[in-house]
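Following the hints, put chains V, Y and E in place on chain C, whose structure we already have.
Protein chains: 4
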Amino acid sequence: MKRLDETARGVFTIAVTPFKPDGALDLHSIDQMVDYYAEKGATGLTILGIMGEAGKLSADESRSVIRRVVARSDLPVIVGVSAPGLAAIRSLADTALEIGAVGVMVAPPWTLRTDTQILGYYRDVSETLGDIPFVLQDFPLVTNVVISAETILKIVADCPNCVMLKHEDWPGLDKITTLRAASDAGARRISILCGNGGQFLPEELRRGADGAMTGFAYPEMMARVVAAHDAGDVDHAQEVFDAYLPVVRYESQPGLGLAVRKYILARRGAIAHDTVRKPGKPLSENTIRDLEFLVTRLEKRLATVHS
Amino acid sequence: MKRLDETARGVFTIAVTPFKPDGALDLHSIDQMVDYYAEKGATGLTILGIMGEAGKLSADESRSVIRRVVARSDLPVIVGVSAPGLAAIRSLADTALEIGAVGVMVAPPWTLRTDTQILGYYRDVSETLGDIPFVLQDFPLVTNVVISAETILKIVADCPNCVMLKHEDWPGLDKITTLRAASDAGARRISILCGNGGQFLPEELRRGADGAMTGFAYPEMMARVVAAHDAGDVDHAQEVFDAYLPVVRYESQPGLGLAVRKYILARRGAIAHDTVRKPGKPLSENTIRDLEFLVTRLEKRLATVHS
Amino acid sequence: MKRLDETARGVFTIAVTPFKPDGALDLHSIDQMVDYYAEKGATGLTILGIMGEAGKLSADESRSVIRRVVARSDLPVIVGVSAPGLAAIRSLADTALEIGAVGVMVAPPWTLRTDTQILGYYRDVSETLGDIPFVLQDFPLVTNVVISAETILKIVADCPNCVMLKHEDWPGLDKITTLRAASDAGARRISILCGNGGQFLPEELRRGADGAMTGFAYPEMMARVVAAHDAGDVDHAQEVFDAYLPVVRYESQPGLGLAVRKYILARRGAIAHDTVRKPGKPLSENTIRDLEFLVTRLEKRLATVHS
Amino acid sequence: MKRLDETARGVFTIAVTPFKPDGALDLHSIDQMVDYYAEKGATGLTILGIMGEAGKLSADESRSVIRRVVARSDLPVIVGVSAPGLAAIRSLADTALEIGAVGVMVAPPWTLRTDTQILGYYRDVSETLGDIPFVLQDFPLVTNVVISAETILKIVADCPNCVMLKHEDWPGLDKITTLRAASDAGARRISILCGNGGQFLPEELRRGADGAMTGFAYPEMMARVVAAHDAGDVDHAQEVFDAYLPVVRYESQPGLGLAVRKYILARRGAIAHDTVRKPGKPLSENTIRDLEFLVTRLEKRLATVHS
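Protein chains in written order, with numbering that gives the first Met the number 0: chain C, 0 to 306; chain V, 0 to 306; chain Y, 0 to 306; chain E, 0 to 306.
Chain C with its partners taken away, still in its complex shape (with noise of 0.2 angstroms):
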C-alpha cells in the first residue's frame, strides 16, 4: 500500500484494543472491529495510540495487533509509535512499516517546554524515522505539551516526512485558521485530521481540516459530517453533528472516556467485551445508566434526521 501522505482526507478512526474479561488481548475481536469500522466509512485507521491502550502491551503484544490489523484491513494502517527514546520509536517504527503500515504517530514527551525544544525533538524523531511519513500529534490536554502554531509549522518547514497534523489542541480552530493561511500563502500544506473526541468536527472542517482522526464509537457520525461538509451542506453537517453530541460529550470525559467508548462498541457489536486493561477501572452503575439513557436517546433521535 501506498504510503501516508499529505494528501489524506476522510475518517481515519482511531481503533481501540480489544481484551477478554480476563486482560489478553482478544485477537478474534480486532477482525470484528476492522470490519465494523469499514462499514462505518472509515477511510483509515489508527491503531496503539493513547485511546489504543499502547502503553499497556508488551512489545509482542503490540507487534501481534499490527499484524492482525493489518491482514485484515484493506484501508491504509497509521501505527502510534511514541516512545521515550528515539531507538525505541525507530524500532516500533521500522516493525509496524514492515508488516504494512502506511505510517506512524508521534506524541510529544510530556517534559518539553520550550518551542526550540519542541522543534529540536521532532527533528530527531524526522531524522530518526528517515523515509518514514509520520503524523505530529498535537493534544496539550494529555500530552502537557502546548505546540504553537508558529512551532508547527517550522516543524513542517524541516521535517519533509512530516505528512498530518492530529489536531486536538483545545481551543484549536483559529489555531486550524492560522495554519491554512500559513499554507496558502506558500508552506506546504500537510492533512489536518481532526481528534478531540469529535466535539468541534462541523467547525473544524469549516476552517479547513481535511477530516477526523479519533475514535467515537459512532464513526457514521464522523463520516456523514465529513460527507456533508464535502457535499456544501453545512446545515445537514451539523444536524447530524447534535444528534450524536450528547453522547460525543459524554465520551469525551478524559480517562473514563476509554470505558465509555469500549462499553458502546461492545454493545453495537464491533467487540466482545469492554475490558479495559489495568490500571483501567470498569464503568459504575451509574455511569452505565447514563449511557443507556442516552443511547436509547440517540436512537430515537437519529430517526428524525434525514440521511
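In case anyone wonders, no lab produced these hints; they're calculated from the structure. Computed from a predicted structure; not experimentally measured. Incorrect hints may have been included.
Lysine to any residue pairs mimicking SDA-like chemistry, simulated, CA-CA at most 25 angstroms apart [to be verified]:
| id | chain 1 | residue 1 | chain 2 | residue 2 |
| --- | --- | --- | --- | --- |
| 1 | Y | K277 | V | S125 |
| 2 | E | K280 | Y | P170 |
| 3 | E | K1 | E | S182 |
| 4 | Y | K280 | V | D157 |
| 5 | V | K174 | C | P278 |
| 6 | C | K280 | E | T127 |
| 7 | V | K174 | E | S147 |
| 8 | C | K280 | E | W109 |
| 9 | C | K280 | E | R122 |
| 10 | V | K280 | V | L24 |
| 11 | Y | K277 | V | T127 |
| 12 | E | K277 | C | T142 |
Computed beta-carbon distance windows for the label pairs [to be verified]:
| id | chain 1 | residue 1 | chain 2 | residue 2 | range |
| --- | --- | --- | --- | --- | --- |
| 13 | E | I287 | Y | D232 | 21 to 27 angstroms |
| 14 | V | A156 | Y | D21 | 25 to 31 angstroms |
| 15 | Y | M0 | E | K19 | 56 to 62 angstroms |
Partial pick of chain C residues on the chain Y-facing surface, computed with a CB cut under 8 angstroms [stated by the list, open to error]:
| id | residue |
| --- | --- |
| 16 | R112 |
| 17 | T113 |
| 18 | D114 |
| 19 | T115 |
| 20 | V145 |
| 21 | S147 |
| 22 | E149 |
C-beta: ideal position from N, C-alpha, C; glycine also.
Structure of chains V, Y and E alone, referenced to chain C:
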C-alpha cells in the same frame, strides 16, 4: 440577608464583569446584567470568580463591583476571594461581607499537590475566615489542583464553615455519587452546585447535585433543566439541555470561553459591550461566524422544544 | 534616586519581610535588616519578592513595608509587583515608584507555556508599566514557566523598559553565555543578576553575569565573591564560595529555604524573630540541629579563609 | 544471589550506560565501569534508571546491558523497570530476575496526582510483580509526582514486596524522620537509600537513612561518608562531603548532570567515552572549563582531608 448555608439550591449564576471598550469598568451594565440574570431564573449570583476576571481588577475596582451588584440584587451574592495569601483572603472576605455578600468562594493555589497539603490549606482558610461561610471550588482543569473525594470529605469534616462545593472536576459524576453516599451515611451534607459551563448538568442532578453554579450565557437553560429535574421529568430536562448543548460546548473552550460568553451576553442585551480585559483577546472573525451560526440554529430549535 | 537601568551591578539582596511571633509585621526589624544588608555589602535591595512573602501581605502591609525600607535605605530599592492581572501590577508599581523605589520586578503567571504566550505577556507588562523600568524574573522551578534564551532576547528587543534579568533558571550557565554572546553581537545589553540562592555564583560571574540578586543569609559571601571576581582572583572567589556552600545548599531547599534563611538572620541579629507567616511552618528540631552544626562549622572554616 | 530485602545498606551506585561516540552500546566499557564502582566502594549497583538512559534503549539493548553487568559484577544488581504499563513492567522485571538481578525499581508515571491514585498505582505494581522485590522511587523533581510520607507508609503497609525507598524528594529530610518514626512505632522498616546526587547525604544518614543510591561520579565520596557516619564520626563525614560538594552541586544540575557525570567518569577512566545518547547534548566548552577548574581544585583539597 441570611448567610450562605448547606441548604442552597438552584442556579447561582457566575457573573461576568462588564467593561467598556476602553477597558474601564462598566458599572451601568452591572445593573442590566443583574436584572437579566434574575429574569432568566437565577437564584443567586457569584461574582469575581475566574470568569469574573477578578485577577485583572484593582482592589478599588473589586469593591466597586461588589457594591454595585449587592445594591442592585435581591438575590444572595457570593464573592470569589481566592488570593495567594491568607491575609488577602481575609481582607477581601471582610470587605465582601460588610457590603452585603452572603459568603465567599476559595479556589486552591496551583502549587498544592498531596492530600495533606490540600487539607492543610483549607484548614488554614477555614480558620482565617472564622464564621464566614465559604464555597470550595474544585476545578482541576484551571487550578491545577486535583482534590480526591476523600479529601473533600475531610475538609467538610474539619471545616464547619465550608458549606458548598462548586463542583467542576472532569470527569466528576462518580465523585458526586461518592460524596452523596458519604452524606447519606452520616457525613455533613453540604450543597453541591455544578460548574464546567453546564456540560453535564442533567447527569449531575441525577447524581445528587443541588443545582448549577456556572455562567453559561443562557441562564434559562440551567433554570429550566433544574426545574424539569425537580419535577421528575428527566426526559424534558435532557431535551432542553440538548437544544443548548452545541452552544454550551462552544462556550466551554478554555480561555476562549469568556469572550464567547460576553459576546452572547452583549448580543442578548445583558451587557453593553463584549470587552474582555487584557491580556484577553477579542474573538476572531471566524469565531464570530461560528457563533452566529450556532445561535441562529439554537433559536430555531428552541421553537420546537415545548416549555 | 536614579531609576534602575541596564548598568546595575553588584549584590541586590532579596530582603525577607520580618514578622513578630504572632504574625504581625515587624517594622522595627525592617530598620535593623536594612542596616545589616548594607553593612554586609549589598549594593541594592529587592523587596516583596517570592522570598519576601509578598503574596501573604495585604495591600496596606505591602505599602508599609515599601515605605519603611525606602525611608531607611541609602541603597536603590526594587519592588516585586507580580500579580494575576495587569491592573494590579500597574497600581503596585505606581505605588512603589511614588514611595521611592527605582524599579519593579515581574515574574510570569504559572499558566504561560509557549514562547508566543510569554513574549505576549511581557509586551503587555511593558506597555502597562510605561516608563517604569522592570526586572524579568526567570525562575522556572518556582514559577512553572520555562523561558528560552531566544524568548528573553525577543523581550529585550521589544520592551525597552526591561533593564535587568533576575536569572535563576537551572541549569542556566549556558543561557548566560548565550545572552552575553547576543549582546556582544549587538543586542541591547541588560543587567544580569543571579538568584538561586547563590548556588552557582562563581560560574555565573565567569559567564558574564553582573552580580547576584539573592537572599542568602550571609550577604557578605556574595559581596566577597563578586569583589574577588572583579579583582580577577577566581581562586579566591571560589575559596570564599566553597566555605559557605554547605549552608548555601541547605538554604536552597525549596519551600523550606525561607524558614532556614530567617532562622540564620535572626541568629545573626538581623531581624528579631524567625517567624514565617502561615501557611509557612516553623523549622523542625532536627532541622535546627542540622543548621547549628553547619553554622558552627562555617564559622570555624571562615577563620581559615584569608580575607 | 539472595533477593533484595529491607536490610540493604551502604552505597548502591546508579550506573550510567556507556555508549561509543557513534551512539552504539559500549559493552566493553560496562566491564570497566562495574570494576570501577566496586573498587570505589559500591555495595550494589542500580542500572537502567533515569540516569542510565533506560528510555533511550531498545528492548534488546536493555537485555544486553543487564546481562553484561550481572555477568561482571559480584555485587547485587537492581534494574529500573519503569514503563507506561503494567504488562511492560512485568515483562522487564521477569527478564531482569531471570538474568540474575536481585530486584527492580519503579518510578511513578507523571500523571498521578492524588494520594489515592498513587497508592492504587503501587498496589497494581505490587500485585503485578508478585514475589519480585521492588524499590519505590520518590523523585518529584523529575517524575512530577509528589508522594507524601503518609502515602509511602500506606504503600509499605499494603505492598509486602516494596522493600526499599529511593529517597530523592527535595526537601526531604523531615520526611525521612517521619518514616523512621513510623517504623520505630511499629510500621515495617524498609531500607532507605538516598539519591539526589548525594547533595544531602550527611544529613540523610543522621535522619536514619541506610545509605546512598546515587551516581555521583566519585562513588568513594558516598562510601567514605557512610563509613565515617557508621563509625560515629560525623565531623569527618561532613569534612569528606564538603570537599566534594562543589562538584556534587555542579553535577546535580537537572538534565545537564548526566553529561557532567559521564565526562568525569571518562576522565577518570571508568568508561571510554562520555557520549550521551540523543536527544542528550554534549557539554559546551565553557562547561568543560568549569569542570576542569572544579576537578583540579577537588584534587588539591582532597590532599588535605585525612583518610
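(message) Run through the hints listed earlier and report the numbers of any the structure violates, in increasing order.
(response) Checked against the structure, no hint fails, so every one of them is satisfied.
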